[in-house]
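Colleague: In the order they appear, the protein sequences are chains A and B. For the first sequence, position 101 (counting from the first letter as 1) is numbered 101 according to the numbering used here, and the numbering increases by one without interruption. For the second sequence, position 295 (counting from the first letter as 1) is numbered 295 according to the numbering used here, and the numbering increases by one without interruption.
Take these hints with a grain of salt, some might be off.
[To be verified] Selected chain B positions facing chain A (in silico; Cβ < 10 Å): (1) D82; (2) N313; (3) S318; (4) T352; (5) L355; (6) N367.
Because the hints were derived from the structure by calculation, they are not lab data. Beta carbons are placed, not taken as given, at the ideal position from N, Cα and C, and that holds for glycine.
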Amino acid sequence: MSVSILVVDDEPDVAELFRQRFRREARQGAYVLHFYYSAEGALAKPDDRIRPELIRILSDINMPGMDGLALLREIKRRWPDLPVMMVTGGDERRRSADEYGAAAFITKPVDFNLLKEQLRQLPSGARPQ
Amino acid sequence: MPFVSIRSRLIFLAALLLAILAVASALLSGQLIRASDDLAEQAKLVSIVKNANSASKHFGDLKYWITDSAKTLFVRSQQNADAAKARLDLDLKAIAPVDPAGVAAIGGEVDTLTELARKAAEAYSSDDSAGGNALMQQAQTHILNVDREIEQIVDRSEQHALARRDASMRQAETAVNVSVAGGIITLVVALSLTALIVRSINAPLRRLEHSMAAITRGELDATIPPPGRDEIGAMASTLGMLRDSLIERDRLERDRQRAEAEIRAARDAAEAALTELKAAQANLIQAEKMASLGQLTAGIAHEIKNPLNFVNNFAALSTELLDELKQTTGSVVAALDSDGRAEAEEVMATLTGNLQKIIEHGNRADNIVKSMLEHSRGVTGERREVDLNGLVEEALNLAYHGARAQDQSFNITLEREFDGELRGMELAPQEMTRVFLNLFGNGFYAATKRARENGDASFRPTLTVATRDLGEAVEVRVRDNGTGIPPEIRDKLFQPFFTTKPTGKGTGLGLSISYDIITQQHGGTIEVDSEPGAFTEFTIRLPR
């Protein structure tokens, strides 16, 4: 069963990092990574292109324009069952993220082993309607 | 007496003495005049006695010659009788003022006698001897009368003169007695009066002198004689005024000194306040510097963190990739000739080593960034009531065992001077533990560094930790006998990234973080005292 991970971060190299970190999993077909460089981009009809349709979203909080928390709220408004994991440098906005229904909270620098473990433990989630 | 001025008293005394003198002189002069009058009177009486005697003699001549002339009828006798009568008249004239009755009686008798003698002479010339004799007989009676009369005058004048002399002598005696008595009385009165007046001047003058001497010595509470109307009284009142002005002067002097002391105190207070203000200003500047440096640090850390993550992540990934590459290309490399294989293996080994270096230094940088971020996080630590002695002890053990874990040869003498009375206080335990770990770590480092550099086997590195309850605050002192801090770098101690440790051994953030925790989070102070080559002592004061 393949899972789509939507990574939202304004830092372009994050994509390369994730790609390499999830190299093996991608090769094995466990995860398919999709990268967006802004919250707005992530919200623009993700369902059209995302395959497979079992989706996890991993979003940075601090981004120019629409930030990660706004994205989280919007996603929860549209697809309440979609698990969203928030990534941040500090823990100062953790409470907001929890309130808005974040599935997990990951602090930078990202511990990829931990992240992979958390991804495995997430509930099955839902595809966007 | 003080009601009369001394001048008046002296004038009075002089006038009185002069008056006494004048009266005495007048009395004596009167006595003298009377005595001389008496003498003149006596002389006159003596001459009258002489005249009376002379009259007696001349009447003797007259009665002889008048008898002779009547009997003889000689002209010569008649002439002698006239001459004797003339002389008798002169004597009688001298006596007349004294004894006019006697002289008049004598004159009458002499005239009668003369008349009888003439008649007798006529009788004799007419040879009437019997008539002549009868007349002469008659004349004889008158002669006896005159003789008696003259004798009486002589007696009287002699008695008069004697009486006069006796009276004079008595008077003179009285005068002498009166003079002596008067002189003695005068002397006594004058002496008494003089003594009285001198005393009336001297006694108050002496009292005044005592007062003046006392006041000159500075005994301003000395009694001053009451002011009076005389000169001494005036001087006393002047002295009183002088004393009052001296007292006033002393009072003013005391006021001035008090005012000066107050001014000095105020100035000292102002100076102290200024010093405090300057210190506060310096602290503020320091705090501001620290705060801005802290912000800068946080900003830098934040900005560096992300790229550093990439460096570390990609380095780790590259190591994995390199391992994969080795496995994948293992057969290809093995197929190479020995030179090529050696070169390929060497390149890959170097590459692996480089990546290890990148990871190692990346982790180092990451630690720095973590410290910096902790630094910037500021007041987050949870506060609770803790036993500070226990906290310090815990941190001390932690620091000691941490240092031992890093270096087996590490050793140091720990001295604890904990205030047993120290009450629990509220603070952020984790943050304070960090502060203590920092300070203890620094102390360990400095003391062992000195031991290492010193080479003296007898030197014992020592760290002393003391706590003290100051009531409103708690004091913790951390003292090491290490290398000390040179004065020129003391200002920089609390600046972020300032370190004297070799590269890689210290981040330069320990004291900076400690400073923030103590001053900002706990509102306390941290001060350092040090003597290079001897000791360093940090003093932390935390208000309750």
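Colleague: Now, for every hint given, state plainly whether the structure supports it.
Modeller: Against the structure, the hints:
no.	hint	in the structure
1	D82	violated (189 Å)
2	N313	holds (5 Å)
3	S318	holds (9 Å)
4	T352	violated (17 Å)
5	L355	violated (14 Å)
6	N367	violated (12 Å)
Checked against the numbered hints listed earlier, the structure breaks hints 1, 4, 5 and 6; every other hint is satisfied.
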